[in-house]
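Participant: Construct the entire structure; sequences and hints are all you get.
Line order of the protein sequences matches chains G and D.
Per the working numbering, residue 1182 is the first one in the first sequence, and the count goes up by one each step.
Per the working numbering, residue 231 is the first one in the second sequence, and the count goes up by one each step.
Worth flagging that the hints you see were computed from the coordinates, not collected in a lab.
Keep in mind that a hint or two might mislead.
[Stated by the list, open to error] Heads up, simulated DSBU-like pairs for lysine-lysine below, C-alpha to C-alpha not over 30 Å straight-line:
#, chain 1, residue 1, chain 2, residue 2
1, D, Lys398, D, Lys287
2, D, Lys701, G, Lys1291
3, D, Lys583, D, Lys630
4, G, Lys1193, D, Lys630
5, D, Lys307, D, Lys287
6, D, Lys685, G, Lys1291
7, D, Lys608, D, Lys642
8, D, Lys656, G, Lys1193
9, D, Lys630, D, Lys577
10, G, Lys1193, G, Lys1409
11, D, Lys608, D, Lys630
12, D, Lys397, D, Lys287
[Stated by the list, open to error] Derived coverage of chain D by chain G (criterion: at least 3 residues anywhere in the stretch with Cβ under 8 Å from a Cβ of chain G; other residues may be distant):
#, stretch
13, 556-569
14, 675-684
Predicted model, so just to flag it, every value in this text is computed and none were measured.
Cβ coordinates follow ideal geometry from the N, Cα and C atoms, glycine included.
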Amino acid sequence: MALLEIKGLEAKVGERQILNGIDLTVNAGEVHAIMGPNGSGKSTLAQVLAGRELYQVTGGQVLYDGKDLLAMPPEDRAREGIFLAFQYPVEIPGVSNMYFLKAALNTVRKHRGLPELDAMDFLNLVREKMKLMEMEQTLLNRPVNTGFSGGEKKRNEIFQMAVLEPRLAILDETDSGLDIDALRTVAGGVNALRSPERSMVVVTHYQRLLNYIVPDFVHVLSEGRIVKSGGKELALQLEESGYAGLGIYDEGEAA
Amino acid sequence: MSSSPNSIETLANQEYKWGFVTDIEADAIPRGLNEDVVRLISGKKNEPEWLLNWRLKAYRHWLTMVEPTWANVHYAKIDYQDIIYYAAPKSRKDAPKSLDEIDPELLKTYEKLGIPLKEQELLAGVAVDAVFDSVSVATTFKEKLKGLGIIFCSFSEAVQEHPELVKKYLGSVVPTSDNFFAALNSAVFSDGSFCYVPKGVRCPMELSTYFRINAKDTGQFERTLIVADEGAYVSYLEGCTAPMRDTNQLHAAVVELVALDNAQIKYSTVQNWYPGDKEGKGGIYNFVTKRGACRGVNSKISWTQVETGSAITWKYPSCLLMGDNSVGEFYSVAVTNNYQQADTGTKMIHIGKNTTSTIVSKGISAGHGQNTYRGGVKILKSATGARNYSQCDSMLMGDKCGAHTFPYLEVKNTSSQVEHEASTSKIGEDQIFYCRQRGISTEDAVSMIVHGFCKEVFRELPMEFAVEAQKLLGISLEGSVG
Ligand SMILES: Nc1ncnc2c1ncn2[C@@H]1O[C@H](COP(=O)(O)OP(=O)(O)OP(=O)(O)O)[C@@H](O)[C@H]1O
Ligand SMILES: [Mg+2]
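Facilitator: Put into structure tokens, the structure is as follows:
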């Protein structure tokens, strides 16, 4: 069953057209990797799927669980189970990570018709997920992402994902900025969440991550289009020959 | 959070809900101001000669003064002859003696405001003095407080019943000639609250005054005087609302606090006067002088204010730190949305040895709002070992509003320490989107971020007031981040 169906998606920011017709179908339980040169539109795709209003959809259609995704406000998409691990997680000074996450979890739970978690139950859940992610307690008491190192921010994103248990997780370069050990832990956390009901779209530049999170499909994005799709071996091939080997150039060079 | 019935989401859909007008026959005097009006007000209150003379002196001095223009606020010239200086609900000639005697319409008004006037609401643990237009209508719990020797009553009553205390302290912190609005208030003040806590007594409940302007074109000039005798403690809350009117109304109050040796006064305000409409029409001009004197050793005065209302706010709750080791505190949240303007801050004057002061100011500007922090720290030569810490943060929502900071510092000795921190931040579209991506609505996100920004101040408020203040903030900032 298709959880996500993207058909001919086009989007622009200001006057600049970035996505030029994306077609992608993600079935329940599948993991899709998206690769592609800098500036090819990977983050834009992720943000459009999450509902960022900065980007204007100029064409195409997206169905999520059979529903018109583009008609939903971002918070409804989140409540319906879409989670975006940001390439650049945002700092929110003054709001504790713990408080933030509890508010998020309870709105999502409420949407799913589940009772809100009280402080105790929440703490127990958080402890369990913290262990999984090898998260430091102190990060939880600090304001959301504020002053976190690059790696800590990425780890925090996956930790939030583990707590929120989405149906569709979009990970935007979660591996960049992580040291080798952290990469292993974070990937381990992601793998622990793999299930037949949960789908993932993993944006990355490196095969390295895909050694841990083995994808079912790999797609290459260039100039706002998917120019090549294949199995996990496509990533290995890219690692070897680079995008040039596929006849794809960086945005800058292509011009 | 959004599951609670009081979520910002539901609140955000409300307009200024305190904007109703109560239909009560009022005993008002003609517009305008002259010596006869001052005499008339004093006469209506059956005041002693000395007080009338005190008023007249203030009035004559006021005539020689000019309205200050240094504040960073802009408004059309006020016609002081077009204001009604006294309006009282007419139901009874004399001030009501008990709750049963109060006009039921008035009681309904206070019910709408959510003020527990009835003794049955004793559980709320807050003693209330309610000031409606110019007169004080009811003071609850008076008997209970009396048992402890605490005097808590309307100002007029204090003049009649405790003239010696009033005479001793009135104008002792804010002299009649202090500033233009204080002088005006001294001449025409109509009522207010009075509180005296005797030696060694800790007031067991929060004392509270609610101010409400009801009559049209009236000014409200109330006077509050709180005295904490040696070793006494009192926490005092002040709340205010006004009907929605498209003309501006003047509110020029004076609050004086006196703390003697080892005494402590905590004064909290949630100011929610009508701010005017979205285009900036109407609203209250809130020109208030608040000052506390830490006269005794180890005394402490804390001002906490949450200012969300008024078209214009002009106020600087200050502390005179006279006693050795005395402590002054100022915690403030000021919100300006639409066309509101606020010029607020504090003045800490260190006179005694080892005096300390803390200033925490949080300004939030949205819409076309202009928010100015103006704070002065003055450490005199005598104040050896004095310390001050100031923190002054501004938050901007949108790009049409403004935040301005004017810290003034004067240190006259070398053994003192002064620390100042300031920051400006913006609620960004990226922050809101991040929250929404996690399922949190825009309203909840704004309220969460704003609350995070203000929490050092909210922490200082008594519990029920903190909840109230948080709600007000949500309403005041409705629709400011799109
Ligand atoms: N808000 C914006 N304003 C202007 N240009 C933008 C904006 N967002 C994206 N772009 C442009 O759109 C193009 C695609 O950006 P996007 O972030 O989607 O690339 P990416 O594939 O994620 O790149 P990277 O691998 O470097 O993360 C880039 O050229 C970028 O400069
Ligand atoms: Mg990117």
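Participant: Hint by hint, say whether it matches the structure.
Facilitator: Each hint tested on the structure:
no.: 1; hint: D/Lys398 to D/Lys287; in the structure: holds, 17 Å
no.: 2; hint: D/Lys701 to G/Lys1291; in the structure: holds, 22 Å
no.: 3; hint: D/Lys583 to D/Lys630; in the structure: violated, 45 Å
no.: 4; hint: G/Lys1193 to D/Lys630; in the structure: holds, 27 Å
no.: 5; hint: D/Lys307 to D/Lys287; in the structure: holds, 25 Å
no.: 6; hint: D/Lys685 to G/Lys1291; in the structure: holds, 27 Å
no.: 7; hint: D/Lys608 to D/Lys642; in the structure: holds, 8 Å
no.: 8; hint: D/Lys656 to G/Lys1193; in the structure: holds, 26 Å
no.: 9; hint: D/Lys630 to D/Lys577; in the structure: holds, 29 Å
no.: 10; hint: G/Lys1193 to G/Lys1409; in the structure: holds, 22 Å
no.: 11; hint: D/Lys608 to D/Lys630; in the structure: violated, 34 Å
no.: 12; hint: D/Lys397 to D/Lys287; in the structure: holds, 15 Å
no.: 13; hint: 556-569; in the structure: violated (count 0)
no.: 14; hint: 675-684; in the structure: holds (count 5)
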